[in-house]
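Colleague: Chain by chain, the residues run as shown.
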Amino acid sequence: MKLRRDTLPALFLEAFFRDPDTQHMANTSDTIEAAAVEAGTVDRPAPRFAGGLFGAGRPNLIGLILPFAILALWQTAAANKWIDPVFLPAPITVVTAFWKMLTKQHLAFDFLASISIVGQAFLYGSVAAIILGIAAGLSRKVEQFFGPTFDTIRHIPGIAWLPLIVLWLGIGAPAKVLVIAKSVFFPVFLNTLQGIRNVEKNYIELAKVLTLTRWQLVRKVIVPAAMPSIMVSLRYAAGLAWALVVVAEGLSGLSGLGFLIFRAQGLLLTDQLLVCMVIIGLVGFAIDRSMYVAQKRVLKWKQGYDG
Amino acid sequence: MKLRRDTLPALFLEAFFRDPDTQHMANTSDTIEAAAVEAGTVDRPAPRFAGGLFGAGRPNLIGLILPFAILALWQTAAANKWIDPVFLPAPITVVTAFWKMLTKQHLAFDFLASISIVGQAFLYGSVAAIILGIAAGLSRKVEQFFGPTFDTIRHIPGIAWLPLIVLWLGIGAPAKVLVIAKSVFFPVFLNTLQGIRNVEKNYIELAKVLTLTRWQLVRKVIVPAAMPSIMVSLRYAAGLAWALVVVAEGLSGLSGLGFLIFRAQGLLLTDQLLVCMVIIGLVGFAIDRSMYVAQKRVLKWKQGYDG
Amino acid sequence: PARAEEVLPSINLQLTPWTVIAQEKGFFKDAFDKIGTTKVNLIASGAADLLGAEAAAVNGGAIAIAQRMIYPATVHRANGLDGVIIWASEPSNRYRAPILARADNDKINSVADLDGKKFGSSRISCYWSSPFEVTTKAGLPFDSRDKQGRIRYTSIDNSAVAITSVLTGATDATTAHLAAGAFAGAWLSGKLKVIGRSPDDGVYVNNAGRVTYFARRDFVNKYPQVVKAFLAARERTREWTSDHVDEAAEIVADKTRVPLEVAKFQITHAGEWEFMAGEPNAERARNAIKTFQAWYVENGDDILAERGLTSAQIDAFIDGRFFVGGQYSIYN
Amino acid sequence: MATPGHLEFRNVSKTYALPGRPLVNVLSHVSFDVEPGAFVTIVGPSGCGKSTLLRLVVGLDEDYRGDILLNGRRITGTSLTRGIVFQDHRLLPWLTLEQNIGLSLENSGWSQKEKAEAVAEHIALVGLSGFQKAYPHELSGGMAQRGAIARGLASRPEILLLDEPLGALDALTRVHLQAEIQRIWETEGTTMILVTHDVEEAVYLSHRVVVMSANPGRVVEDLTIDLPFPRDRADGEFVALKRRILAAMGEDGGSRRDAA
Amino acid sequence: MATPGHLEFRNVSKTYALPGRPLVNVLSHVSFDVEPGAFVTIVGPSGCGKSTLLRLVVGLDEDYRGDILLNGRRITGTSLTRGIVFQDHRLLPWLTLEQNIGLSLENSGWSQKEKAEAVAEHIALVGLSGFQKAYPHELSGGMAQRGAIARGLASRPEILLLDEPLGALDALTRVHLQAEIQRIWETEGTTMILVTHDVEEAVYLSHRVVVMSANPGRVVEDLTIDLPFPRDRADGEFVALKRRILAAMGEDGGSRRDAA
Ligand SMILES: Nc1ncnc2c1ncn2[C@@H]1O[C@H](COP(=O)(O)OP(=O)(O)OP(=O)(O)O)[C@@H](O)[C@H]1O
Ligand SMILES: Nc1ncnc2c1ncn2[C@@H]1O[C@H](COP(=O)(O)OP(=O)(O)OP(=O)(O)O)[C@@H](O)[C@H]1O
Ligand SMILES: [Mg+2]
Ligand SMILES: [Mg+2]
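Chains as they are written, first to last, in the numbering used here: chain A, 1 to 307; chain B, 1001 to 1307; chain C, 2001 to 2332; chain D, 3001 to 3260; chain E, 4001 to 4260.
Possibly wrong hints are sitting among the right ones.
[To be verified] Simulated pairs of lysine to aspartate or glutamate, EDC-like, Cα-Cα distance not exceeding 16 angstroms: (1) C/Lys-2039 - C/Glu-2024; (2) C/Lys-2191 - C/Asp-2201; (3) B/Lys-1302 - A/Glu-200; (4) C/Lys-2191 - B/Glu-1200; (5) B/Lys-1208 - E/Glu-4062; (6) A/Lys-300 - B/Glu-1200; (7) A/Lys-100 - C/Asp-2146; (8) B/Lys-1302 - E/Glu-4138; (9) A/Lys-81 - C/Asp-2146; (10) A/Lys-201 - D/Asp-3061; (11) A/Lys-104 - C/Asp-2146; (12) A/Lys-201 - E/Glu-4138; (13) A/Lys-208 - D/Glu-3138; (14) B/Lys-1104 - C/Asp-2254; (15) B/Lys-1300 - E/Glu-4138; (16) B/Lys-1300 - A/Glu-200; (17) A/Lys-201 - D/Asp-3088; (18) A/Lys-100 - C/Asp-2302; (19) B/Lys-1208 - E/Glu-4106; (20) B/Lys-1201 - D/Asp-3061; (21) A/Lys-104 - C/Asp-2302; (22) A/Lys-302 - D/Asp-3088; (23) A/Lys-104 - C/Asp-2301; (24) B/Lys-1208 - E/Asp-4061; (25) A/Lys-81 - C/Glu-2274.
[Claimed, not checked] Covered by chain E, per the in silico footprint, the following chain D stretches (three or more residues, Cβ under 8 angstroms): (26) 3030–3040; (27) 3128–3141.
Rather than coming from a laboratory, the hints here were simulated on the basis of the structure.
We put the beta carbon where it would ideally sit given N, CA and C, even for glycine.
Make the full structure from the sequences, and use the hints.
Modeller: Next up, the structure:
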């Protein structure tokens, strides 16, 4: 959360190539490793991680098994024509399509269009959700006021709202942002609320005794304690936002990955479809890992169960 | 979780008409109220709830403000033709349409069709998610194995998978169930996993010292501790499943609320559209509150922050 | 004399207005029983149509023979779907895919009024190919992904959104098949008006606007008699329907769950396509594809330009066995 | 600095409902007074309601019968003038030791510099210098308890409630902190209410010892200790008072402290 | 019932890294032996590494230098033969007292009836009858600690580690539980390793007292107590031993216990 922007790509690389739970250690151990060798042992979360392939960390090789297995299966299926290429073109075809889309068909532009929509929607949706979630978490009154309505509305399919949304916001960017933001809102809201409900009463009592103001209570006690819960919903919601960009861009427009997906599906341009799917998947993954690393840093005090 | 089936409707009523956090007290206070009057005071979570309208509990009147306000606004907007009736028919029209659909157009049948799809999908999706979530929570290896792949796949829009799903499962019920179950899976999986990661290390150490087996660890320590987190995701996912029934039933078929919504949109039968929206919303709300009450009972040991 | 063929005991077909009539009136039974196909399942494929999923359904065998407009069918073939067209319709007409605006919008009364206005429709169907021709000929090309034209074209795939957009003013015009389930209601509500139609001598009416049925090549090769029976049943249904409109409308209303007036409209509207006559001549059908492909490529269709079919491919795509003079033709 | 107030317990009673054991009379008609600036110690067996009583004074629980009056007014809610050191340390796991102590000064109105000084001073006071940046899980049990004491002292409340603050400490550290608490009490004039299990500690530190008993939780003895400070633990009167308190707790005969 | 084993500490060292304070030598070359069936007490100032040492013995942490051998084999992992009562009570908040104690018997192999009996018996032993169905948050601090003791005793391990189990208890309860622990030690032959801050308790109960000191955590004195049981706290030799241990801890002069 407190990360400077320029550290994010680095974080991502770190996230991918290192075992998640050596992250924190890796930071401190650089400076103390030498001393530790002389002075005794250095405590590590678990000894099994000591001495990885890349020094302090170990690349997450296990995590690469499944993707490569899928890739291999895909390649084999395509090579042996288990699945008609019109539904599953070979990986190399997809790469070619990617290159062509990138160089000749403004793929980068579509990508930016989508990421701008997704980014805005995620931002608005999650900020609103966290603020309202905290408000509802702090006060039963607020929860009771919004609760039944929210719990009713969130079950109603987004698609059913489309005509009303078009009526109010037209079919431009605001409508798309709203469609996505609405979906981002609910998981974050619910997890924030529940995260707060789960803050130990003891800590709230302490805050009362120290006569913390509401705002101090939120900042110093409630948000840190609810953070694990909030972070997991943000990670999830980021994925949801991407998944919904297709619905939103299907709403209107001639650009964006969602449009490309719709078009590719309607016309059975499966290679392009797969290009879009892979891009969205990888970008989503990158976002996810960055958030994971951010979460690890924010929650470095957390003594949870490491598996 | 341990509720008998026949108590569910009762739970729902209780949930709606009582203030959530008087639930637990209400159960015990029946038996001890008399004694308490003589012997001294009885501890209640907060004195403000003492002496409600309906005896022990108080109806959640606050929660009714917003729905009624919306209803009033709707009626006014319709009466004054602020919005074209083609987009927003008056409430009474909707009620009439509801009655007609119920008596003449097999609405109950569509409802059952949808609820069967949603129920199955929710069951499969959430059971799979909880099992895999626990497995990944228990073992970093499992998490690392699935993690990157899941975190990539879940960002890819469900709609993009449709051709492949249809190819494998056709367009019948299994395809619909899969489309919904996939969406149910991820929030539950992530929350289960994170819920487990947040279990206090102290408790895990205790379990180790008592040499609990994996299964005992799961049943006695990890699941209870992660339960708040799992429950919130289940509540959320139940809503998601409803929201997706439209997508799934739009895929194919001539029955179900999803079909009705699609048809209503196409034929501009806005009154029927609203009937479906209201039904889905209310059913979703009912499910949600039942789960909430179940959660309160399961988590009666929990000393959380009550707002 | 037909070769000995494998018997197909049951067949899955799309649930459409004509198939429900054929099922209800026993036309399928009459046609299929003879060749041992005793069971016909009608499958409502809903939005799957739009999403290319019905191609997957055909490929996976969930649907044996599917209806598709000739333009997307061609692109599917170009992308490698191993199917053949076993039936194509006669040329379309000007009523099929008109340009629509809001009835009370007096600023827009003709195609010329669309200059600089917003037009929203699905990019992958007739809703694009028909107005594309009209406006291009009127000197008002659509915007495309690469360059700006004279009309702000935006793709709207969800039909409800396309209609809502026109009705609320988010867009100024759209194109739709009035007889399609998704639009009949809006049209019958009287809130829309027609401001332009495809020219009678145009590419759309004569070529690109045709309806086709396609199936997997191996399916067709294995069960040509089934295909023939299917086409025969269709022909019989068409004839019966034109003689019994009211009864047909009732069947359609009941089986496809639409209001009766909508069902009747879908049968009787001049722009309907369910009950069109077939194009008997395979060569004319092939020429239709060749002609519209050339025309669209020439006028800047980015998709066909890249993925066109060669002449030979087109020739093979239209399966002559089911047209006049063919071994399994119903026109003989 | 602090202007201490007069604290009165008037017939305070409280009941809890427990599953399978309908009602627990945790406090029954508890009445006693605490003079401004007094040092009162509460002793009594485990579970007799000592912590419950402190919770009422600090204002965390207003659901009881009877009255607790401060300067004649019933206590409502918490206040910076009433501090407490909980029986469990309750350091927030996401704050470092330093931040945890700083938290009690958030609303003190002091300048940043004053706050930082107060924090550093109290960390040193409890012997935790060098652990400023440690998180609670990196502290030992006794260290965490000392952290909690530092937090309680740092904000200089008028009334400070100490719920077994020295329980987890070794004798040396304990004696040191007893002396510090006494010094602060003398110099600042804070009213101190201490819960302890160590009767010697009670007699050594306080003006008054309130002895409670369980089932129901009630006051069974209220002793004034008139010995001058600093007290001599070997003094005859001291030992006699100790014995009397132990007797009140029902511990005479066979108790090891008695024998000492 | 239990077949006790021989426990050896060989040059055990352990270091923690702390932010802003690079390395803490928590344990430095700790070596001593514990005979089968012995009662060994560890005393030492807060933060000197006592709890850390117990964590190593129980097998929760294998990341240290040197060896801890049980019957000549290095300890790996936890085992039902080695039990511990943690310094914090660690009762699981979602289980009732009864269930919490029952948890330690899950893998005992006993019948349901035996388990139920053992649970009931140990609840009575620590004086919590009537609170079987109470959740931990409904117990007082001392009651929770007694619950933890009951859990530790119930499964009858061969080696039982007790980390300040009596810290939060009043003198009467404390004496009662000391007697119970001693009785169990005698009748079951359990090897007991007790951490306490109460030197008198150490001398009263144990065969051996190991005195530790901090910075780095190390053993500074290892005393055998040869007095016969039951011991007399007023006995001259008893008092002399107490004094010697306090001296080793650096507490002589000015200490109140010294003066007693
Ligand atoms: N997880 C940890 N990370 C870093 N340092 C730690 C950690 N756990 C303990 N320490 C440090 O180890 C030292 C010894 O702690 P330990 O808990 O063993 O002390 P102790 O002798 O039990 O003290 P007490 O009597 O106060 O309980 C302390 O200085 C503490 O700060
Ligand atoms: N939340 C609660 N619900 C029900 N009973 C409670 C609750 N809190 C405390 N009690 C009961 O109140 C009684 C007194 O508890 P309290 O914590 O005040 O004891 P204490 O005197 O501080 O004991 P200790 O010395 O062991 O800390 C106990 O019997 C306990 O079971
Ligand atoms: Mg207490
Ligand atoms: Mg310790």
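Colleague: State for each hint whether it applies.
Modeller: Going down the list of hints, with the structure as the test:
no. : hint                    : verdict
1   : C/Lys-2039 - C/Glu-2024 : holds (13 angstroms)
2   : C/Lys-2191 - C/Asp-2201 : violated (29 angstroms)
3   : B/Lys-1302 - A/Glu-200  : holds (9 angstroms)
4   : C/Lys-2191 - B/Glu-1200 : violated (63 angstroms)
5   : B/Lys-1208 - E/Glu-4062 : holds (13 angstroms)
6   : A/Lys-300 - B/Glu-1200  : holds (14 angstroms)
7   : A/Lys-100 - C/Asp-2146  : holds (15 angstroms)
8   : B/Lys-1302 - E/Glu-4138 : holds (11 angstroms)
9   : A/Lys-81 - C/Asp-2146   : violated (35 angstroms)
10  : A/Lys-201 - D/Asp-3061  : holds (13 angstroms)
11  : A/Lys-104 - C/Asp-2146  : holds (10 angstroms)
12  : A/Lys-201 - E/Glu-4138  : holds (13 angstroms)
13  : A/Lys-208 - D/Glu-3138  : violated (25 angstroms)
14  : B/Lys-1104 - C/Asp-2254 : holds (12 angstroms)
15  : B/Lys-1300 - E/Glu-4138 : holds (12 angstroms)
16  : B/Lys-1300 - A/Glu-200  : holds (14 angstroms)
17  : A/Lys-201 - D/Asp-3088  : holds (13 angstroms)
18  : A/Lys-100 - C/Asp-2302  : holds (13 angstroms)
19  : B/Lys-1208 - E/Glu-4106 : holds (12 angstroms)
20  : B/Lys-1201 - D/Asp-3061 : violated (31 angstroms)
21  : A/Lys-104 - C/Asp-2302  : holds (11 angstroms)
22  : A/Lys-302 - D/Asp-3088  : violated (19 angstroms)
23  : A/Lys-104 - C/Asp-2301  : holds (15 angstroms)
24  : B/Lys-1208 - E/Asp-4061 : holds (11 angstroms)
25  : A/Lys-81 - C/Glu-2274   : violated (35 angstroms)
26  : 3030–3040               : violated (count 0)
27  : 3128–3141               : holds (count 9)
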